[in-house]
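There are 2 protein chains.
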Amino acid sequence: MILAERMQRVKGSEIRSVGKKIAARNSADLIKLSAGIPDEALFPAEELKAATLPLFDEPLLPSLQYGLTKGDTRLIHLIAERMKQAERMEIPEKNILITTGCQQGISLSSVALLDRGDVVLVEKPTYMDGLNASIPYECRFIGVETDDDGMVAEALETAQRTIPRVKMIYVIPNFQNPTGKAWPLKRRREFMDVVQKFPDLMVVEDNPYGELRFRGEFIPSLKSFDTLGQVIYLGSFSKVLSPGLRVAWVVAHDDLIEKLEILKEGFDLQSNQFAQSQVVNYLLQNDLTAHVEKLRAAYKEKCDTMLREIKRTFPPEAKVIEPDGGMFIWVSLPEYINTSDMLAEALDAGVSYIPGISFFADGRGTNGLRLNFTSNSCERIKLGIERLAGVVKKNIR
Amino acid sequence: MILAERMQRVKGSEIRSVGKKIAARNSADLIKLSAGIPDEALFPAEELKAATLPLFDEPLLPSLQYGLTKGDTRLIHLIAERMKQAERMEIPEKNILITTGCQQGISLSSVALLDRGDVVLVEKPTYMDGLNASIPYECRFIGVETDDDGMVAEALETAQRTIPRVKMIYVIPNFQNPTGKAWPLKRRREFMDVVQKFPDLMVVEDNPYGELRFRGEFIPSLKSFDTLGQVIYLGSFSKVLSPGLRVAWVVAHDDLIEKLEILKEGFDLQSNQFAQSQVVNYLLQNDLTAHVEKLRAAYKEKCDTMLREIKRTFPPEAKVIEPDGGMFIWVSLPEYINTSDMLAEALDAGVSYIPGISFFADGRGTNGLRLNFTSNSCERIKLGIERLAGVVKKNIR
Numbered sequence: 001m002i003l004a005e006r007m008q009r010v011k012g013s014e015i016r017s018v019g020k021k022i023a024a025r026n027s028a029d030l031i032k033l034s035a036g037i038p039d040e041a042l043f044p045a046e047e048l049k050a051a052t053l054p055l056f057d058e059p060l061l062p063s064l065q066y067g068l069t070k071g072d073t074r075l076i077h078l079i080a081e082r083m084k085q086a087e088r089m090e091i092p093e094k095n096i097l098i099t100t101g102c103q104q105g106i107s108l109s110s111v112a113l114l115d116r117g118d119v120v121l122v123e124k125p126t127y128m129d130g131l132n133a134s135i136p137y138e139c140r141f142i143g144v145e146t147d148d149d150g151m152v153a154e155a156l157e158t159a160q161r162t163i164p165r166v167k168m169i170y171v172i173p174n175f176q177n178p179t180g181k182a183w184p185l186k187r188r189r190e191f192m193d194v195v196q197k198f199p200d201l202m203v204v205e206d207n208p209y210g211e212l213r214f215r216g217e218f219i220p221s222l223k224s225f226d227t228l229g230q231v232i233y234l235g236s237f238s239k240v241l242s243p244g245l246r247v248a249w250v251v252a253h254d255d256l257i258e259k260l261e262i263l264k265e266g267f268d269l270q271s272n273q274f275a276q277s278q279v280v281n282y283l284l285q286n287d288l289t290a291h292v293e294k295l296r297a298a299y300k301e302k303c304d305t306m307l308r309e310i311k312r313t314f315p316p317e318a319k320v321i322e323p324d325g326g327m328f329i330w331v332s333l334p335e336y337i338n339t340s341d342m343l344a345e346a347l348d349a350g351v352s353y354i355p356g357i358s359f360f361a362d363g364r365g366t367n368g369l370r371l372n373f374t375s376n377s378c379e380r381i382k383l384g385i386e387r388l389a390g391v392v393k394k395n396i397r
Numbered sequence: 001m002i003l004a005e006r007m008q009r010v011k012g013s014e015i016r017s018v019g020k021k022i023a024a025r026n027s028a029d030l031i032k033l034s035a036g037i038p039d040e041a042l043f044p045a046e047e048l049k050a051a052t053l054p055l056f057d058e059p060l061l062p063s064l065q066y067g068l069t070k071g072d073t074r075l076i077h078l079i080a081e082r083m084k085q086a087e088r089m090e091i092p093e094k095n096i097l098i099t100t101g102c103q104q105g106i107s108l109s110s111v112a113l114l115d116r117g118d119v120v121l122v123e124k125p126t127y128m129d130g131l132n133a134s135i136p137y138e139c140r141f142i143g144v145e146t147d148d149d150g151m152v153a154e155a156l157e158t159a160q161r162t163i164p165r166v167k168m169i170y171v172i173p174n175f176q177n178p179t180g181k182a183w184p185l186k187r188r189r190e191f192m193d194v195v196q197k198f199p200d201l202m203v204v205e206d207n208p209y210g211e212l213r214f215r216g217e218f219i220p221s222l223k224s225f226d227t228l229g230q231v232i233y234l235g236s237f238s239k240v241l242s243p244g245l246r247v248a249w250v251v252a253h254d255d256l257i258e259k260l261e262i263l264k265e266g267f268d269l270q271s272n273q274f275a276q277s278q279v280v281n282y283l284l285q286n287d288l289t290a291h292v293e294k295l296r297a298a299y300k301e302k303c304d305t306m307l308r309e310i311k312r313t314f315p316p317e318a319k320v321i322e323p324d325g326g327m328f329i330w331v332s333l334p335e336y337i338n339t340s341d342m343l344a345e346a347l348d349a350g351v352s353y354i355p356g357i358s359f360f361a362d363g364r365g366t367n368g369l370r371l372n373f374t375s376n377s378c379e380r381i382k383l384g385i386e387r388l389a390g391v392v393k394k395n396i397r
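In the order they appear, the protein sequences are chains A and B. 1 is the number of the first residue of the first sequence in our numbering; add one for each residue after it. 1 is the number of the first residue of the second sequence in our numbering; add one for each residue after it.
Do not rely on the hints blindly, as some may be mistaken.
Given that identical chains are not distinguished, each listed pair holds provided it fits within a single copy or across any two copies.
As the list claims (entries may be wrong) - Taking lysine-lysine and the PhoX-like style, the derived pairs with C-alpha atoms no more than 20 angstroms apart in a straight line are:
hint: 1; residue 1: K311; residue 2: K394
hint: 2; residue 1: K11; residue 2: K70
hint: 3; residue 1: K70; residue 2: K124
hint: 4; residue 1: K319; residue 2: K20
hint: 5; residue 1: K21; residue 2: K49
hint: 6; residue 1: K21; residue 2: K70
hint: 7; residue 1: K197; residue 2: K186
hint: 8; residue 1: K20; residue 2: K94
No lab work stands behind these hints: they were computed from the structure.
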């Protein structure tokens, strides 16, 4: 077997690989602050059951049959309505394509846009694992200066002017994975002003966490400022409803969305038809916003618990970003601490996290770590942070 | 926007495009012999409902949560058992990866294997639409001489020796789409003998229809003869259970299956977790073989009805391949008839089919057409064939 040349670059997910190491410990007592998953206790199981039952009684059983590559027409309609309500954007239904997770949106965008040697600009840090979708297309990732407000617009402009072959920017402006940061309105405007100076530049705006805001005001998406069709917007039901169903969508301008649909035919013909019907019925029978309010309240309590415990137990050298939503808290330790090395000690102490190096295009960030606050109870969060504090203290010089 | 260079070659599915044209007619009276779908009246809806209900009551609701990229461990175990029973192959569980349809198996194999300019050898005709998965990787398709028994082994050997850069062979040895042919045992052996002379050559064996045999004896898969790990085998529940669930799998040797799993992380992180659990419960609660027997009996009746009606109504110039299973019948008309042009007349007469050109790597086959016998009732099949016979007769010189 001779693999394609591109496979030399392809490597597994860092986070899933840490996950496997952690799973190998197989200890019920291990508190996984490394997870990147919603709280399953908050899945609306009864409502989803009620949404699912009628599917077996429909004439012609359309949810068990083949359907359209573009996705269930009713679902696309409901997503357009949801985007209007939750994101305050008017998106024509023809510009929406159903995908298998936001991950597939990154993947389709990469196939459509990236030639070998093209550059993808990313935040420092960013969700590099998602960008594994781009690696087979032999691009290069370059991190752009990122401050507390997100990617720095001036740095983006400099990068765009000085680095050859920049084709795409990948950003998560809402409660970013891993830092939890949300870009303020001013930064979004500045960013889009720069983007619009370069009409061939494309932006992938990954927004799986946007609805999980539990503090502060709504901030419009980058897509809202997109007058030239440069922004590919990725939305998902994974964090507000259920990730197991893998129902997500991509929004792109007219020419591109058709190309993405054609690519999806080749990728997997179409997404799961049954799951799309489940989401349709759920949305018709329930008020998703009311459910999201419950998630926000629960996640706020968990986030605040984690922040409080970090402040109480961590040494002052640890710097914490306090998020207004999402699923993650980012902690920076002194630069002499390598969080990849420290993980073994943490596991011994009964707690896990994702080491910072997983989130940097250039392999830096070895002193950072990502903590998840959604998947554990407040009690477990307290205990987990206490354990981790002990490990961190031992590593402070 | 500047698309990646590869996008110049990417084009939509011919079959789905014909499907859209046909759907645009929107006539309830149109008899769609163009479909490529199972009979929804035969979906085991009650059994699937019983398999689905318990999923909402499980502690921790694993089917609504994220899961493993490789797939649900229980499902992989059940697939290994199924392959033993139905395909008489012992496949280690580590060599199975769950995919979103067989289509994703073709796609993942293409990313892993194909460099720009590599050649994929195919049957004449073949399911070119599935191979849209390979086009973004800038390969070339070359058809190899194919007779009533499948791809001709000597022609394959000549092709392999004379054509530079042959990397992969794509074949559907069981009830092929579009011809319905099943390769006899002797041909499979001869084919694999040639393949094994070239250890770097890889074979994608697409087997979505294998279980739908309603006549003749079981014939072992190409994978059964694969001693050097050259065969990538694609299996699916789409045709035996439900295509809407999009649950399929790929079997590949140790090194490759790991690569495919890593690629899948980038493609869509993982397949629908809920659907995998549905299939697990269905398999635990039911005898799939008994269900498949029902499908076989029903499809045999439909196939025989269509064959009988073709013989009764078509002019003798029409040559028909009689299948022993699957979903399709292939009709060859005299070479002066262009079935792409004739489609408009057929639609006017209230019947549709897929023109032959869709299935040839080199744009030939303009005198062939594919008919589906699974999705319509025997009554509708009779009427559809009668209508089509009228159109064909008008076109005979």
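For K311 vs K394, is the C-alpha pair at or below 20 angstroms within one copy, between two copies, both, or neither? For K311 and K394, only the intra-copy Cα distance (17 angstroms) is at most 20 angstroms; the inter-copy one is 85 angstroms.
Could you figure out if K319 and K20 sit no more than 20 angstroms apart (CA to CA) within one copy, between two copies, both or neither? Classified as neither: same-chain Cα gap 28 angstroms, cross-chain 56 angstroms, threshold 20 angstroms.
Between the shortest in-copy and the shortest cross-copy C-alpha distance, which are at most 20 angstroms for K197 and K186: within, between, both, or neither? Classified as within: same-chain Cα gap 17 angstroms, cross-chain 65 angstroms, threshold 20 angstroms.
Alpha-carbon proximity context of K70 and K124, limit 20 angstroms: For K70 and K124, the Cα distance exceeds 20 angstroms both inside one copy (33 angstroms) and across copies (30 angstroms).
Within, between, both or neither, where K20 and K94 count as close if Cα-Cα is 20 angstroms or less: between (40 angstroms within a copy, 15 angstroms between copies)
Intra/inter-copy verdict for K21 and K70 if alpha-carbon distance must be at most 20 angstroms: Between copies, since 16 angstroms is at most 20 angstroms while 37 angstroms is not.
Go through the copies and call it for K21 and K49: within, between, both or neither, with a Cα cutoff of 20 angstroms. For K21 and K49, the Cα distance exceeds 20 angstroms both inside one copy (34 angstroms) and across copies (37 angstroms).
Between the shortest in-copy and the shortest cross-copy C-alpha distance, which are at most 20 angstroms for K11 and K70: within, between, both, or neither? between (30 angstroms within a copy, 15 angstroms between copies)
Comparing the model with each earlier hint shows violations of hints 3, 4 and 5; every other hint is respected.
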